[in-house]
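Here the protein sequences come in this chain order: G and B. Count the first sequence with my numbering and you get residues 173 to 414, in order. Count the second sequence with my numbering and you get residues 173 to 414, in order.
A hint or two may mislead.
Unchecked claim - Derived lysine-lysine pairs resembling DSBU-like cross-links, with alpha carbons at most 30 Å apart:
1. Lys389(B) x Lys347(B)
2. Lys376(G) x Lys389(B)
3. Lys347(G) x Lys270(B)
Unchecked claim - Here are some chain B residues pointing at chain G (derived, C-beta under 10 Å):
4. Ala337
5. Phe339
6. Lys376
Simulated from the structure, these hints should not be mistaken for laboratory data. Note that the structure is predicted; figures quoted are calculated from it, not measured. All residues carry an ideal CB built from backbone N, CA and C; glycine is no exception.
Number of protein chains: 2
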Amino acid sequence: MQTAAALIIGNEILGGKIQEANVFELAHVLRRRGVDLARVLIIPDAPSVIAADVVSLSKDFDHVFTSGGVGPTHDDVTMASIANAFGVEIVREPRLEKLLRHHYGEALNENHLLLANVPAGARQHYIDQSPWPLTIFRNIWILPGVPEIFRMKLEIVEAHLEGHAPFVSRAVFTKLDEAELKPMLDTIVARHPNVDVGSYPRWKDPKYETKITFDGKDADAVERAFEDFHGQLPDGEPQWTE
Amino acid sequence: MQTAAALIIGNEILGGKIQEANVFELAHVLRRRGVDLARVLIIPDAPSVIAADVVSLSKDFDHVFTSGGVGPTHDDVTMASIANAFGVEIVREPRLEKLLRHHYGEALNENHLLLANVPAGARQHYIDQSPWPLTIFRNIWILPGVPEIFRMKLEIVEAHLEGHAPFVSRAVFTKLDEAELKPMLDTIVARHPNVDVGSYPRWKDPKYETKITFDGKDADAVERAFEDFHGQLPDGEPQWTE
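Generate the whole structure from the sequences, applying the supplied hints.
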């Protein structure tokens with residue numbers, strides 16, 4: 173199974189100015205493509221921190237997705253930090269430069285062209301629906317932090333990420349609490365080792381107390397665990413399933 | 173300046189089932205208490221991963237805040253993982269046990285009492301407004317993942333975290349784009365080294381193009397940087413300030 177990590181670069185998130193929103197979107201794309209998102213780091217706009225983390229994640233995971241720090245200002249240090257981390261130069265990418273010149277026309281200044289700077293050896297993935305590519309360096313997919321643009325770039329990720337069996341998921345919603353459910357869950361977990369069983373209590377929801385989830389890449393195994401648990405519940409339970 | 177890291181434990185976040193919501197709340201409390209949230213990790217419900225990360229963060233930061241994995245079921249492995257990581261036993265905390273017996277009354281079963289299990293050497297912080305405490309082990313504040321309960325525990329964090337000068341923040345909203353702003357920003361950054369200057373482009377917002385932020389613990393220095401930048405903007409700018 174392929175694995176992934178996300179490196180979210182942004183003082184504005186650590187400082188509580190904005191709520192992080194890109195991991196949720198990335199997680200959905202990776203689930204559909206069957207890639208296991210196993211680690212997320214949120215770090216400051218600090219070149220030495222970015223460089224150390226990107227090297228470490230790039231080594232430990234099949235894919236790394238960065239978010240943030242790719243604009244033209246002083247706090248946009250992602251490209252330079254990645255280049256430094258791997259000992260390569262920053263170069264101007266010709267096709268990106270052409271796109272920027274065309275887009276800005278007369279209004280273009282030298283700072284707009286900073287958006288065409290990438291680590292040497294980086295490549296670009298394109299899709300038919302957009303002129304703007306996504307830059308990838310080694311196994312590092314470099315995405316912007318602005319949520320609307322991040323989501324557009326995810327379309328390129330989804331189009332270019334090699335296909336694998338997607339994760340499948342079932343869920344049971346019950347009015348039993350976790351302490352009541354624990355003996356049943358322990359049995360199910362022991363019987364279905366290839367299924368990831370999760371238990372999530374709800375806070376004062378009149379509709380249900382606990383959500384039990386069954387996840388995995390083997391759809392039949394997930395279904396068997398789901399049915400096995402379902403069959404153990406007392407009369408009147410579950411409230412509903414998904 | 174005191175530093176903090178957050179360790180968010182939850183397959184449900186990495187799997188895209190729910191959007192992470194606790195970091196934003198924690199960040200606000202830490203800003204008010206003058207503590208620098210410098211790193212956030214989102215990791216799976218995996219004991220070995222939790223143990224390795226909690227040891228590393230506990231060493232590198234003044235405070236660690238964990239979120240998630242503190243219920244009674246098989247996927248609640250935070251307490252045991254922390255105990256293992258530091259080579260201590262899990263013990264039953266008497267005052268917590270008493271609270272649970274009182275709360276559940278006749279409905280209590282042995283699994284409810286699992287909520288009184290903590291690493292040996294842990295202590296509890298209480299506030300007058302709630303009977304339920306927050307468990308702290310070394311410099312690790314152990315919070316639940318359920319957002320409503322996480323927020324209640326944050327009241328205990330805020331009451332017990334030693335007070336430091338809070339961070340202050342100013343902001344300018346402008347219709348200039350980042351490439352136009354860059355020369356001014358570079359000047360401001362060079363002149364005000366103790367102020368953290370951030371630049372955040374907006375996606376297709378008719379009200380403004382870029383938000384510029386000024387942050388620090390020295391309120392006068394922040395104000396000076398803010399005013400210096402403000403004075404450099406052309407006529408009609410900024411659109412507004414905060």
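Review point. Taking the closest Cβ pair, is Ala337(B) under 10 Å from chain G?
Key: For Ala337(B), the interface hint is violated, since the closest Cβ of chain G sits about 15 Å away, which is over 10 Å.
Exercise for review: Decide if the proposed pair is consistent with the structure: Lys347(G) and Lys270(B), CA atoms, cutoff 30 Å inclusive.
Suggested key: With Cα atoms ~25 Å apart, Lys347(G) and Lys270(B) stay inside 30 Å; holds.
Review point. Going by Cβ atoms only, is Lys376(B) closer than 10 Å to chain G?
Key: holds, 7 Å
Check your understanding: Straight-line Cα separation of Lys376(G) and Lys389(B) no greater than 30 Å?
Key -> With a Cα-Cα distance of about 39 Å, the restraint between Lys376(G) and Lys389(B) is violated, given a limit of 30 Å.
Review point. Given the hinted pair Lys389(B) and Lys347(B), is their alpha-carbon gap at most 30 Å?
Key: holds, 28 Å
Point to revise | Restraint satisfaction for Phe339(B) [CB to CB of chain G, less than 10 Å] | key: Check passed: Cβ of Phe339(B) comes within 7 Å of chain G, closer than 10 Å.
Checked against the numbered hints given earlier, the structure breaks hints 2, 4 and satisfies all the rest.
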